[in-house]
Amino acid sequence: GAVVSQHPSWVICKSGTSVKIECRSLDFQATTMFWYRQFPKQSLMLMATSNEGSKATYEQGVEKDKFLINHASLTLSTLTVTSAHPEDSSFYICSATPTGQIYEAFFGQGTRLTVV
Amino acid sequence: AQTVTQSQPEMSVQEAETVTLSCTYDTSESNYYLFWYKQPPSRQMILVIRQEAYKQQNATENRFSVNFQKAAKSFSLKISDSQLGDTAMYFCASIFQGAQKLVFGQGTRLTINP
Numbered sequence: 001g002a003v004v005s006q007h008p009s010w011v012i013c014k015s016g017t018s019v020k021i022e023c024r025s026l027d028f029q030a031t032t033m034f035w036y037r038q039f040p041k042q043s044l045m046l047m048a049t050s051n052e053g054s055k056a057t058y059e060q061g062v063e064k065d066k067f068l069i070n071h072a073s074l075t076l077s078t079l080t081v082t083s084a085h086p087e088d089s090s091f092y093i094c095s096a097t098p099t100g101q102i103y104e105a106f107f108g109q110g111t112r113l114t115v116v
Numbered sequence: 001a002q003t004v005t006q007s008q009p010e011m012s013v014q015e016a017e018t019v020t021l022s023c024t025y026d027t028s029e030s031n032y033y034l035f036w037y038k039q040p041p042s043r044q045m046i047l048v049i050r051q052e053a054y055k056q057q058n059a060t061e062n063r064f065s066v067n068f069q070k071a072a073k074s075f076s077l078k079i080s081d082s083q084l085g086d087t088a089m090y091f092c093a094s095i096f097q098g099a100q101k102l103v104f105g106q107g108t109r110l111t112i113n114p
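First to last, the protein sequences are chains A and B.
Each residue of the first sequence is one higher than the one before, starting from 1 at the first, in the numbering used here.
Each residue of the second sequence is one higher than the one before, starting from 1 at the first, in the numbering used here.
No lab work stands behind these hints: they were computed from the structure.
Do not take every clue at face value.
Quick list of simulated restraints, FRET-style, between CB atoms [said to hold, decoys possible]:
id, chain 1, residue 1, chain 2, residue 2, range
1, B, T111, A, K14, 46 to 52 Å
2, B, E17, A, K14, 45 to 51 Å
3, B, T3, A, K41, 19 to 25 Å
4, B, Q56, A, V116, 49 to 55 Å
5, A, H85, B, Q44, 24 to 30 Å
Derived pair list, reagent style SDA-like, types lysine to any residue, alpha-carbon separation capped at 25 Å [said to hold, decoys possible]:
id, chain 1, residue 1, chain 2, residue 2
6, A, K66, A, Q101
7, A, K41, B, T3
8, A, K41, B, P9
9, A, K41, B, T24
10, B, K101, A, G16
11, A, K55, B, K73
12, B, K73, A, M45
13, A, K41, A, P8
14, B, K55, B, Q2
15, A, K41, B, R109
16, A, K55, A, T82
17, A, K41, B, Q44
18, A, K41, B, K55
19, B, K101, A, P98
20, B, K101, A, E52
21, B, K101, A, T80
22, B, K101, A, E63
23, B, K73, B, P114
24, A, K64, A, S54
25, B, K101, A, C13
26, B, K101, A, R112
27, A, K14, A, G1
28, B, K73, A, Q101
29, A, K64, B, N113
30, A, K14, A, D27
31, A, K41, A, E87
Don't be surprised by glycine CBs; every beta carbon is placed ideally from N, CA and C.
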């Protein structure tokens, strides 16, 4: 099956610093990737849709300047949490949709971010 | 608005029993896909089963099957002969044609007791 690799699996950073999370599709090309945030015992909340070669589409209420998304190639999207604060601590998950297959979604392992 | 609703926050059954998780959705789209995802303690999202809206036959994957009632906009998941490894959060989700992104339900925490 299709594999999506998300890195790192967990990260601890200090308040005010930035942290980058990578999402790679290993064996398929993905024009579209999605970034989610998940709070404990809650569902996945879509943050943004990442489109290769164009600007990401952010969901209402998500700060574009805080959560920078770059989708520079058909196999890699990155999420950078800028000037992180403790309230940004959460579990972040990416998913990738194979090009031309809009009804498929493959998920990365997730990244647990802790801001201290 | 296109929504997915799971009304059972938690369920608990004994090992080997059959359990059914409920899911309803709302859309005016004619073409869409429905999914059940499992999220175990590792938090990796695992696809359990999927159903294309245009197919009348209910999808089946080993011990997992769905009851897809299109007119009622209902998509329940039945787990037969439940196992301890089935303990997880289960999310119902849909990709609606217009949106092209997954819409998730609130999730059901399923516990299988020995």
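Which of the stated hints cannot be reconciled with the structure, identified by number in ascending sequence?
Numbers 1, 6, 10, 11, 18, 23, 25, 27, 29 and 30 - these are the hints that the structure violates, sorted from lowest upward.
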